[in-house]
Every structure is written in structure tokens, then in C-alpha cells.
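These protein sequence lines map, in sequence, to chains A and B. When we follow the working numbering, the leftmost residue of the first sequence carries the number 6, and every step to the right adds one. When we follow the working numbering, the leftmost residue of the second sequence carries the number 98, and every step to the right adds one.
These are computed hints drawn from the structure, not numbers from a lab. Note that the coordinates shown come from a computational prediction; the quantities given were computed from them, not determined experimentally. Just so you know, not all the hints are guaranteed correct.
Listed next, the in silico DSS-like pairs over lysine-lysine satisfying Cα-Cα at most 27 Å (straight line) [to be verified]:
#1 K264/B - K176/B
#2 K14/A - K204/B
#3 K61/A - K129/A
#4 K14/A - K181/B
#5 K14/A - K184/B
#6 K184/B - K204/B
#7 K129/A - K204/B
#8 K176/B - K204/B
#9 K176/B - K61/A
#10 K184/B - K61/A
#11 K181/B - K61/A
Label-pair distances were calculated between CB atoms; the ranges are [what the hints assert, rightly or not]:
#12 G38/A - G194/B: 45 to 51 Å
#13 E21/A - P111/B: 24 to 30 Å
#14 G194/B - A131/A: 55 to 61 Å
#15 D130/B - D39/A: 38 to 44 Å
#16 E125/B - D107/A: 52 to 58 Å
#17 S153/B - R95/A: 37 to 43 Å
#18 D17/A - E113/B: 23 to 29 Å
#19 E27/A - A137/B: 48 to 54 Å
Ideal placement from N, C-alpha and C gives every residue a C-beta, glycine not left out.
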Amino acid sequence: MQRDEIFEKVRDVLVEALAVDEDEVTPEATIFGDLGAESIDMLDIGFQLEQAFGFKIEQGEMFPEGVTSDPDMVQDGKVTEAGLTMLRERAPHINTAALEADPRLEKVREIFTVDALVSFVERKLAA
Amino acid sequence: MRWMWIDRVVELVPRERLVAVKHVSLAEEHLHDHFPAVAADDGSILRPAMPVMPMSLIVEGMAQTGGILVGHAEDFREKVILAKVSKATLEQDALPGCTLRYTAVIKSFSEMGASILGTIEMAEPEANGSPSFETVGSIELIFSHLDRNMAGVAYPEHNFVFGEGFKTLLRTSGVLS
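The shape of chain A in the complex, shown without the other chains (with noise of 0.2 Å):
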């Protein structure tokens, strides 16, 4: 499947779990940010793709859990090298560059792009 394909599908699923518009649905639109995702939509979006692409998603896949909370990872509201090593790790689709800039705390929503999310879906239809 193409990447504007897959772009396509993953932008109907979240015009549908987030009752957003298609033309705010761009690759570098913020799931979290600019859509206005909040963490229990995941769970529909991630259901969503599912049913679109035909894969199966464990949790955490898409955006690794526990990162806010794990002393190791987060010190002085800012996200550890130990953290974005295991972002990077964990969450190979997503582009941690904008965080490596500016690691505060705020700035690990931002890094969760429509982008992201396409290349997450990728990933997995090639696996």
C-alpha cells in the first residue's frame, strides 16, 4: 500500500474518532495538539485501524505508556537522554528531533504527528 494511501485511511479514521475536519488533518497536524485527541481516544483510533488495515495494535504500540511518570525518564519536567533513547527505541515511526531540541515535558505530545501515525501504520503493513 502506497504512503498517500495509507495517509488517506488514516486520516478518515480520525476524521471519525475525532470528529474533525478533513482539511485539518494534515501530516503535520498534532494528534494531541492540533486535533484535539485526548488520551481515551486512542483506544478508538487505535481500534479503528485496526478494522481499516486488518493488524493488530498491543498497547502502547502507537505511543509508548508511562513516559510522564517514570523518574528515570522525565527529571526537572524535562524528557532524560534514558528517555528519548527508549522513545526512539519504542516508537520507531515517531520523529523525536523536535524534542532532542527542546526536551520539556509539554513538547512529548507534540511529537505525536499524523505523520507519526502513517508511518506507524507502514511499518506494521511491512512487518
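Given the coordinates of chain A, assemble chain B onto it according to the supplied hints.
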């Protein structure tokens, strides 16, 4: 006490579907508040009372139907909570005397929760013969297994979701012995 919005479970196919019924009665207090008569200052009635079961409580009825189905799948070990009403449409008011039939079907199920497709049917009371049901709405719901989606938050050990109210319903429906 838990406010129960279904009267009986009438069909259960584990991990697949559950059907429950609710008889709407004028004896229920909420119907008198939704909607009461509107009177003018002189006492004359501007609009007579219009007792209708609120849509929000119909959603709750479907949530209880779906919640039992999802809870039963793991033998009621998980604390199943309604996380999201994804969609809800209802095309007809539920008036006193009618019967609502809720059918919940599992769309997706994982260790984290489940999604449910719910269908609402309604039957008007019949003087002769069996009431016939017609579809009046649909609801899509997401349920979360509470302990698996609240990292770092500790909840009581006992399953406060499926308390006595639910157990009584399940016993009278023959789901639990």
C-alpha cells in the same frame, strides 16, 4: 444503589452480542420531569406535559447492555467503564408503555477495552398479539478496562463497576446463578 436502565438480559452470546429490554413506565419519576407541563402566571397550561424517556438515559441503557457484554467476556474481572460515546442517533421518542430493545455487538476487543455497535429497537404496546419492534436508533460506544488505561492511578481491588445492582439483574436474567 445503582440506577439500572435495563430490566432484563434476554440473549447473550459470549464475546459477541447481548440483547436486553427496558420497559418504559409512567411510574418512573424522570418521565415527570422530562418534560413537565408549562403553565402561565394565571395557571393556564401553555404546553401540556410531554413524558419522554431522555435520550441520555437511553444511551446509558445501551452502555449498561454493552458494559455487561464486555464485562462478561473476562468473567467480570475487569472494571469496564464507558469511555466514549462515538455516535448516537435516535429517530423516535420513547413514550410510556413502549418497550426498548438494546442489542450490543462487539466490534473490537482487546486487553485495553472494547468498541460496541448498539442498535435500539422500540415496540409500542399491542392490545392483541405480540408487539413488533422497529429500529429507531444506533449508538457506538468505547469501553475501557479501567485498570489497564490509567497508568499510575490505583483503584480499589474490588470491582465497583459490577456491583449488587448488576448482579441482581444478571441473576434475574439467568446469566449468573
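Results of checking the hints against the structure:
1. Of the pairs offered as hints, the one joining K264/B and K176/B holds, with about 14 Å between alpha carbons and a cut-off of 27 Å not exceeded.
2. Between K14/A and K204/B, the direct Cα distance comes to roughly 18 Å. Compliance with the 27 Å bound is thereby established for this hinted pair.
3. Taken as a hint, the K61/A and K129/A pair is honoured in the structure, with Cα atoms around 9 Å apart against an allowance of 27 Å.
4. Under the criterion of a C-alpha separation no larger than 27 Å, the hint pairing K14/A with K181/B is consistent with the structure, at around 22 Å.
5. For the hint pairing K14/A with K184/B, the CA-to-CA distance comes to about 19 Å; that is within 27 Å, so the pair holds.
6. For a cut-off of 27 Å, the pair hint linking K184/B to K204/B stands: about 14 Å separates their Cα positions.
7. Simply put, K129/A and K204/B have alpha-carbon atoms about 21 Å apart, close enough for the 27 Å limit, and the pair holds.
8. The straight-line distance between the Cα atoms of K176/B and K204/B is roughly 19 Å, inside the 27 Å bound, and the hint therefore holds.
9. Between K176/B and K61/A, the direct Cα distance comes to roughly 22 Å. Compliance with the 27 Å bound is thereby established for this hinted pair.
10. Simply put, K184/B and K61/A have alpha-carbon atoms about 23 Å apart, close enough for the 27 Å limit, and the pair holds.
11. At roughly 21 Å between alpha-carbon atoms, K181/B and K61/A fall within 27 Å of each other, so this suggested pair holds.
12. Separation of G38/A from G194/B is about 50 Å and conforms to the stated range, judged on CB atoms against 45 to 51 Å.
13. Between E21/A and P111/B the Cβ separation comes to about 28 Å, which falls inside the hinted range of 24 to 30 Å.
14. For the pair G194/B and A131/A, the supplied restraint of 55 to 61 Å holds, since their beta-carbon distance comes to about 58 Å.
15. About 41 Å separates the C-beta atoms of D130/B and D39/A, a value consistent with the hinted range of 38 to 44 Å.
16. Look at E125/B against D107/A: about 56 Å separates their beta carbons, and that is inside 52 to 58 Å.
17. For S153/B and R95/A, the hinted distance range of 37 to 43 Å is satisfied, since their beta carbons lie about 40 Å from each other.
18. Our hint of 23 to 29 Å for D17/A and E113/B holds, since their Cβ atoms are close to 26 Å apart.
19. Against the hinted window of 48 to 54 Å, the Cβ-Cβ separation of E27/A and A137/B comes to about 49 Å, which satisfies the hint.
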